[in-house]
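Participant: Each chain, letter by letter, is given below.
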Amino acid sequence: MKIAQKSIKFLTIVAIALFSISGYAVDADKNQDPKKDGGQVNTKTEVEEYILHHIKDSHDFSLFSYTSDSGERKHLGFPLPVILWSSEGLVTFMSSEFHHNDDGHVIVEKDGLKFAKIHSKIYELDSDAATVAFDDTHHATNAHKVLDFSITKSAFGLILIGAFMLLWFSKLARQYKTKKVPTGFGRILEPLVLYVRDEIARPNIGEKHYRRFTGYLLTVFFFIWILNLAGLTPLGFNVTGQLAVTACLAIFTLVIYTVSGTKGYWMHMIWMPGVPVLIRPVLAIIELAGALVIKPFSLLVRLFANISAGHIVVMSLIAIMFTLQESLGVVGATGLSLLLSFFITLIEVLVAFLQAYIFTMLSALFIGMAVDDHKHH
Amino acid sequence: METLLNDFSPGLFVVSTILLLALIALMIKFAWKPILNSLEERESGINNALEAADNARKEMQNLQSDNEQLVKEAREERDAMLKDARDIKEKMISEAKEEAKGVATTLIENAQASIEQEKQAALAEIKKSVADLSIGIAESVIKRELASKEDQLQLVEGILKDVTLN
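As you go down the protein sequences, you meet chains A and B in turn. In this text, residue positions in the first sequence follow this note's numbering: the first is 47, and each later residue adds one. In this text, residue positions in the second sequence follow this note's numbering: the first is 116, and each later residue adds one.
Just chain B, same shape as in the assembly (with noise of 0.2 Å):
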């Protein structure tokens, strides 16, 4: 303990004092303090190109998602007027099918009517000629005052085979 005391330098202390002091001021003016403000400006310069980095990329990945959605919106959308495009297609085929149907049972109702006309004008026709052919056949036999009973009913057959019911 004596010898490290003895050894003990006051000279040396207070000299080495006030160069410390000098070296510690000199070295935080002109070389700590440039370097660490450099420092941290670097750092802080590279964490914002990383942050940007960063956002650029979750940009890039909305943008890219929203492209996506709207693929897919459109695709629905086409998917959607295709199917109504078809549903108009068959409404309208069977609407006009239903049509024609329609349009076809009035004509042939009309059809059957007029024919239905037809035929009772035609059996009024008949029933006339008919009634007209028997008054004639009845006219000419009066007036053949026939002397058979033979002669009168061949006669009858006789005019029967002449008229043809037409």
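The shape of chain A in the complex, shown without the other chains (with noise of 0.2 Å):
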């Protein structure tokens, strides 16, 4: 059995290598923007442009691009999936057709309608447009965004892992049927369960309540966490780096907070009791603030920028390899970069933890204030 498990589990890394080279690695950018170097990116100009397209999300799955001999463009991974609510409704196609393509040159056509990808956004194209035209400023003048669905890296990062977890964490489920201390990997994982349950949940949201919500917060914490390390592989997710993700998780805490908000809560923070009456109105107009726009744009805030502040000072410290070359020296250069970026990534593994943490902390806490008997009043 344990040896079925293991060999099919090697069976699923080989089948994802192969696919993620065979399919999809020399699909060269033929009409990328002719560069002499092929795309390499070495000055500090072109850092700045892949630091920045890095951070953003992105339609394909790459890990790394490279030039051939013959100066072609070649990236190593795989397509994802495009989906897209244009004009005339539905469109779905593969990520591929447009080619690594991200300055609006590269046109598919589907449905009948035009797409272009410029800086990791998809616009449709008037109808009678055939190219992508530009004002000073660089925005597109005849073409508009639209509402994209797609598959991207975050979300195929939010599948996979969301996979994992499930994976991971219903197996731990399954081992208490036939045995009360789990074994091998499921013995890592409870101690961590216990910690999210016994240091986060339960003393933040009282011992009353807090049944209720650590099923929420163990996801999210696990969630971050997981996709935050992810985010220092070289796999290069940056899932909870994303507005939209952390916005996601910021608003559910938002609404559970809010729908299990007691009524004592509501009462202190609309009229609060022993203030001046007329000082009410005014504490009432901080309270529904904080409580509904700065505590979740808090969290969302935070998460995004830690993880994105992380994921922008390892590649810029990475880079230094080639922005330091003429001052220092390929190996000078080289071994600061490396050394550098080995210390700022340790540093960053335990930002992955703490912010998990301090997320899933928080989010206890803004509960635990909500579903407060308040009775000391």
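Everything hinted at is true.
Covered stretches of chain B (chain A as the covering partner; in silico rule of three or more C-beta atoms under 8 Å from a C-beta of chain A):
| no. | stretch |
| --- | --- |
| 1 | 127-135 |
| 2 | 145-151 |
DEER-style ranges, computed between Cβ atoms:
| no. | chain 1 | residue 1 | chain 2 | residue 2 | range |
| --- | --- | --- | --- | --- | --- |
| 3 | B | K144 | A | T89 | 48 to 56 Å |
| 4 | B | D181 | A | I404 | 55 to 63 Å |
| 5 | B | K148 | A | A351 | 31 to 39 Å |
| 6 | A | I404 | B | A140 | 20 to 28 Å |
| 7 | B | K144 | A | L281 | 23 to 31 Å |
| 8 | B | K148 | A | T229 | 18 to 26 Å |
| 9 | A | V227 | B | A140 | 22 to 30 Å |
| 10 | B | A140 | A | Y96 | 33 to 41 Å |
Since the hints were made in silico from the structure, they are not lab data. Think of the CB as a built atom: it goes at the ideal place given N, C-alpha and C, for glycine as much as any other residue.
Both chains come to you apart, so use the hints to assemble them.
Facilitator: In structure tokens:
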């Protein structure tokens, strides 16, 4: 049984590896901008662009790219499905049709509609336009953004990590049916579950109510933590650095503590007892703004900013290899870059946990404030 | 701020909302609920076991102290019994002594009384014998009609010599 499981795991890994290499590897972008070096990232501006591009979401899953001997730019990775809600309804195609172009030069025609990708955003061209026209500030003049429900790299990472979480934790759950103490990987997961329950949920929400919210908090904690860590791997996920994802998480927390708020909680927010009547409306505005805007906003921005900043710093330090090559020499620049990026990555491992902890802890705290009985007044 | 808003992808927001909601629901159903239930079960099991062990220990202590109490009581009882026995023994001895003393006293008294009686009887007999003797002497004296006074005295002395006071 164990051998079978292991071989299945191994086969899956091999399949993914083969798929990523064979399926997409030789998909060179022939129509790419005519740079002489084939799109290598060497100069400072190119590095900046590359980092900013990485921080954004992407429509393909690319591990790295290189220039072949014939001068062609090749990408290693695999395409992801593009799902658009255009003016004509739903349109789907694979992202490989853009040929890694990201500045609107490649036009994809589907169902009589033309699409172009500019800075990781997909635009629908006006019906009479053949190519994208840009104004001085590099905004497209004859195209508009479409609602993009694509399975982007972030969505893909979300699904992947979600699947892993389901696999790991449901396995742990099944283990308890036959034994009291889990074995194997479950032995690592159990103390983490206990940690979230006993150190985050229980003290912040209170003994009486914590049970109801522990499931959500556990999901969020492991989701953020694992994705933060995945972002540090060469897979290059930046899911928790996507505003859309952190906003989504923050809004979940907002909805939960708004829906489960007790009467006392709302009373304290809208008509604060024990305060002069004239001040109460002012306080109500502040409290409402705090609960409905500032709290979720702080949650979403904190996570987004920390993770994005981490990615930018790590990538910038890696880029020292190229940018300081002239002044430090090849060995010096590479050594410095490796040293600095090694230590900053260690710090990022800590930050990955810390941000997951802070998000979960604050969510628990906000929920705890909302379900508190307010009996002490 | 503008770049931030520009970077915000409503599509991804919708997609991740759906995916996350599904993930949360699935995780709660298939992972967290069974895990947390089993953990709580296990914890309460451990607590119960600890409590049971505690109770058992307390019971053991109680039993031990009960035993000690019993032993102590038994010892006290034994001591009391021994003391009683000793008392009874002493009492019996002293009673026996008293009784013996009483019996001896009466015996002595009786003996003394009988001795006195015997003495009186003996004395009476002596008196009677003396009287008889005196009469005999007087008889013989009278019978012999003694010529001289000296013969008379000799005769009395001779008779008296013959009479040994017994």
